[in-house]
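Please build the complete structure, drawing on both the sequences and the hints.
Protein chains: 4
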Amino acid sequence: MRMAIGEALRLTLFGSSHGPVVGAVLEGLPAGTPVDLEAVQRELDRRRPIGRALATKRREEDQLRVESGLVNGRTTGDPLVGVVENRDVRRGPYRELEDVPRPGHADFPARMRYGEAFDLSGGGIFSGRMTVGLVFGGAVARGLLSPQGIDVLAFTRSLGGVDASAASLERRLPELRADVLSHEVGCPDLSASKRMSEAIERARKDGDSVGGVIEVRAEGLPVGVGEPFFDSVESTLAHALFSVPAVKGVEFGAGFTAARMRGSEHNDPFFVEDGRVRSRTNHAGGILGGLTTGMPLVARVVVKPTSSIAKEQESVSLSTKSSRRLVVKGRHDPCIVPRAVPVVENLTAFVLADLMARGGFL
Amino acid sequence: MRMAIGEALRLTLFGSSHGPVVGAVLEGLPAGTPVDLEAVQRELDRRRPIGRALATKRREEDQLRVESGLVNGRTTGDPLVGVVENRDVRRGPYRELEDVPRPGHADFPARMRYGEAFDLSGGGIFSGRMTVGLVFGGAVARGLLSPQGIDVLAFTRSLGGVDASAASLERRLPELRADVLSHEVGCPDLSASKRMSEAIERARKDGDSVGGVIEVRAEGLPVGVGEPFFDSVESTLAHALFSVPAVKGVEFGAGFTAARMRGSEHNDPFFVEDGRVRSRTNHAGGILGGLTTGMPLVARVVVKPTSSIAKEQESVSLSTKSSRRLVVKGRHDPCIVPRAVPVVENLTAFVLADLMARGGFL
Amino acid sequence: MRMAIGEALRLTLFGSSHGPVVGAVLEGLPAGTPVDLEAVQRELDRRRPIGRALATKRREEDQLRVESGLVNGRTTGDPLVGVVENRDVRRGPYRELEDVPRPGHADFPARMRYGEAFDLSGGGIFSGRMTVGLVFGGAVARGLLSPQGIDVLAFTRSLGGVDASAASLERRLPELRADVLSHEVGCPDLSASKRMSEAIERARKDGDSVGGVIEVRAEGLPVGVGEPFFDSVESTLAHALFSVPAVKGVEFGAGFTAARMRGSEHNDPFFVEDGRVRSRTNHAGGILGGLTTGMPLVARVVVKPTSSIAKEQESVSLSTKSSRRLVVKGRHDPCIVPRAVPVVENLTAFVLADLMARGGFL
Amino acid sequence: MRMAIGEALRLTLFGSSHGPVVGAVLEGLPAGTPVDLEAVQRELDRRRPIGRALATKRREEDQLRVESGLVNGRTTGDPLVGVVENRDVRRGPYRELEDVPRPGHADFPARMRYGEAFDLSGGGIFSGRMTVGLVFGGAVARGLLSPQGIDVLAFTRSLGGVDASAASLERRLPELRADVLSHEVGCPDLSASKRMSEAIERARKDGDSVGGVIEVRAEGLPVGVGEPFFDSVESTLAHALFSVPAVKGVEFGAGFTAARMRGSEHNDPFFVEDGRVRSRTNHAGGILGGLTTGMPLVARVVVKPTSSIAKEQESVSLSTKSSRRLVVKGRHDPCIVPRAVPVVENLTAFVLADLMARGGFL
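Chains as they are written, first to last, in the working numbering: chain A, 8 to 369; chain B, 8 to 369; chain C, 8 to 369; chain D, 8 to 369.
Quick caveat, the hints were computed from the structure, so don't treat them as lab data. Mixed in with the good hints there might be a few duds.
[Unchecked claim] Stretch by stretch, here's where chain D covers chain C in the computed footprint (C-beta under 8 Å, at least three residues): (1) 37 to 48; (2) 75 to 83; (3) 176 to 188; (4) 197 to 205; (5) 238 to 248; (6) 319 to 330.
[Said to hold, decoys possible] Pulled a few chain D residues facing chain C out of the computed Cβ check, cut under 10 Å: (7) Leu188; (8) His190; (9) Glu258.
Here a beta-carbon is modelled for each residue, glycine too, at the ideal position from N, C-alpha and C.
This is the structure we're talking about:
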């Protein structure tokens, strides 16, 4: 089982949901790279459950401790190790799940593959809590991007059937960011945000859950980032994004709508502006042939509705191979989309920094 | 630049569109594995342009030559090398593209990244012709899957705005396969196939192109295939599928429609049938926590409309940084969806065989 | 900079000599593998400086803390994280070295490569202290070997010009082990051990240091372990062993003496004993064609004399490019051979366990 | 089974001794890199059997054919594929070996590991013929080193008990090269060369074989090449060199003699010459902490005597588990040291080019 991603930068996750810690090892940062730990902590704080309506009742401080690789705010050249303690662990509720797998959850195939020794409590390594390491690695890596004028932002584009208006999305990142950070659902359309909150609250009351779509954009990328064919921007970014629990689809630019477009419509015409080659549209999502075009990178992921719901569900006992009704207790978010937003954002930053390092852009 | 994919099985592509050959090296097959070269050749034949309406006028025999690793129809333990010659190469038409990049094509970022030495003729390594190696590797790898009762099939689900009917898709793979192979668009709905052909023909007459959606399914997989977190089935399969030129989105099971579902609806309830745990629905597309559930694996990719179109387009001269009108000559498919079907199918087989080998299932 | 080794088992080191911790992440252990933490701690204790004559005066408890991956003495399937704190860190003495590199040490090339930000205190990641992670990973991995009847032992074969007698080495591992553990130089020839201790003590008094040769043997290996050509037992084991600081040579079986042998002498004749194929001699060191033969694996490494010596040495100021006399202060072993013995032993166990896992032997 | 080496540059071998071809895929060369095919062919010619006294009677043209990646003498950015045909294949003599393994050869463990399907004819992938790919990859890669003033040379230092004189070795590479190339044993001491030839001839007459030691040096390397800890110059170069068939030991600088030196003697004192930091001696072999020091890199490998000898030997029948006398027929070199010289030299160039590319030195 490999828990690592990246080539020039390499991020190895460790820990599990209900063990003493979660964290990650980040290799490949040049010695002397400044790391703004406060900014990293801010990103970690964004993925914590906050607010009554949106969040699990589990409380974690998620205070980052860097155990290696950093002296006086700069990397020393040895691997960066970031650790966050799991303070609020209650193993009890998960015990009963070991024989009766939760529908929509990793329980069943994990039990079949790894047997009873595998620690499924709290989701084990399948838990959303592992994304602490993704945010840590990504937040550090984006410190390599900012000095080059590269900005990355993710936001909730759709949630519980409520879509952000098209108009609200046609803005540059700094403007979008202000709105995204101002409301806990992480959507730049503030009137939609209100309805999204309501959808979450309704799902909670029903013992149910909702999903959504997250969009991530990166601006300021140079032309040509990415490795052709197998390690294209699409391949490497999708590989990473599909590791975020609950993501079931990834698309770039026009994405699935391209199926109904003609080439003359989908092709983005080139023109020259201020001496730089740009395109009039961006159906390519800033990527051609797997390489960045210099236009904004645009990707979207779909996040399925949280599989742990309070409603009674149909399942089976693995030991007796008989039907069972299951009521999942534990503490669960009725919607993880808002918490996944900073994960998608920072993970995207990590992948871009890795590809830039691989390609000699850093 | 890495041209390799896979861990336990490793496939390295070589060649380029307009060089003397294209091919691939396949490492990791156990010595003594039978290889049915005729079956592999049949898969290669499926991706060749065939038929007046659908295809480029470029003609290749695509006769596979295995230069290493095979004696008397069985692997010897050394790497398998498959080579196909490029017989019908005309370099002329591409020369003029070097300064004026084709919209929607890799030309622009590849030129910026690699400079003038990079061989862009015929798309170079960005060409769809590189997929010969994918089909070769995948067709050999599926020889590991068949004895285990695993079947893989891809088909055209949507093309040029024409969708296969839902009813036509609710069948098991052998039945679907018969229809998929009976018409050159590769769609199991034969009445839709006719309209898809017409959409392609209309696009050709207009000097334009159309895209579509390909679905791939795998049946008979054991429970638990895939590596948790970073090398899940979704991550590894998406990584591979995004390497197929023109793919701009990948989704699993309910995919992007999950954004509007509730958990109680999306979760697939478990039940026991003939002593095996199954689920009543398959919104998960046969994957939970990145591992297979034993239900059919279902993935879809969107293929953008071919970027090389005959219509005049707006572009720029990279040397003079001025506007240019571009008419792409060369020989191009108005729709590559049908030819991408066997690529998606065999590449999926490769990824599954690799994951099974990694997980000790083979 | 990658700090990882292994394929099926993967060990990533972190920390540095004078940071808060050193440790490692170990991936790839099957869930449910028993881990005997006391045995692991015993191996860590073996590499600690012990005894007045042999050791640095630096004192570390080296108490292992496993932060992840272990519940009730068995692996959970998520990565194992082992951490040891650096309690006795004094940064002062190293500051002055930053401009005046120590002869025989990594200081000079590390400073040229990584610049001033690179943390060289105590050797940073070049320090022998990083081998804590090697011992941790290897000691855990040998838990996979023991149930298969595989035993690994390293010992001091030569030290400060004193050689163990040939007769003392012609014994099976359990007998050798008893003597190796009974004296702090780790040599199975107890009369040589005494003279080795004296050689170390003389070097200390002279402000100097001595080196030696460590031999490692593994018995009970099945036939065929190793990957042919690039990932042979020799290649992978040498790769690992050369990462142990101060190792400057690795040889197998007859090693460098093979240069003066004839084929008829060097070839090990096969015979059958108790139904198993064995060889009458073992000049191959238990490896043919990169694969194990079932005969004992025999490798030797040379450990150069410790480069940090108290004697005044000739060096240069990197900033002024002028000559400087250097007296290294700090705390240093006059001979690291005895402490390298458990490192070589456990690292060999790690490599063998990894190769066995890769080859399907575990 | 992986047949690949390298990170930034990646070389994948294919083919086998008695298949239709041997060759390699080389990935990672920047587009536009000039490749001097005549120089590459010259290196391939050096490893061919030449001259009555020294060589197998097998005759191969070994004419390199580059099937991909090269246009007008420059790389195109897609993988370079080099192929050499096996023209003179006689499978007969090897058949009988399948049940009776040759002492000192890979036959026994390969048969146990891979079973009867594994192609052992001519040594299969264990054959020295696979080194064609190493020479091809290395000879191309050194094209990256020459423009930086880096020169690599290997030579026979000892053969059949005859040593080159110390004086003959204390010269710079261009002078050494002239002598190395002037006699077929590849030793820079021409009086020793004559005696080495005689030793080979004597061994041939006796139906026996001899081994030797090859030294390789690289001059002109910048300071700091190599990756610390696991991917040091020693680790990566030893990993590669141990893949050369018959190599059983690798040492750097003073190598195994360091075991009897004191630190004050082994440490190389620094001084400044022409503004560059150099060392007065070079016991480190140009490597400290795994990184190059700018002093000449010096490594030595021991090559065991050829295991295929004409003399009758003791072996066993694997099927009947009974004793057998074996006379190896086939065609074999009584000494492969001279032919291994260009392999060691070009492989070293490959590893150095790869490390330089990884470290941003190219």
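The hints, checked one at a time:
no. : hint       : result
1   : 37 to 48   : violated (count 0)
2   : 75 to 83   : violated (count 0)
3   : 176 to 188 : violated (count 0)
4   : 197 to 205 : violated (count 0)
5   : 238 to 248 : holds (count 8)
6   : 319 to 330 : holds (count 8)
7   : Leu188     : violated (22 Å)
8   : His190     : violated (19 Å)
9   : Glu258     : holds (3 Å)
Figure legend: structure checked against the earlier numbered hints; hints not met, in rising order: 1, 2, 3, 4, 7, 8.
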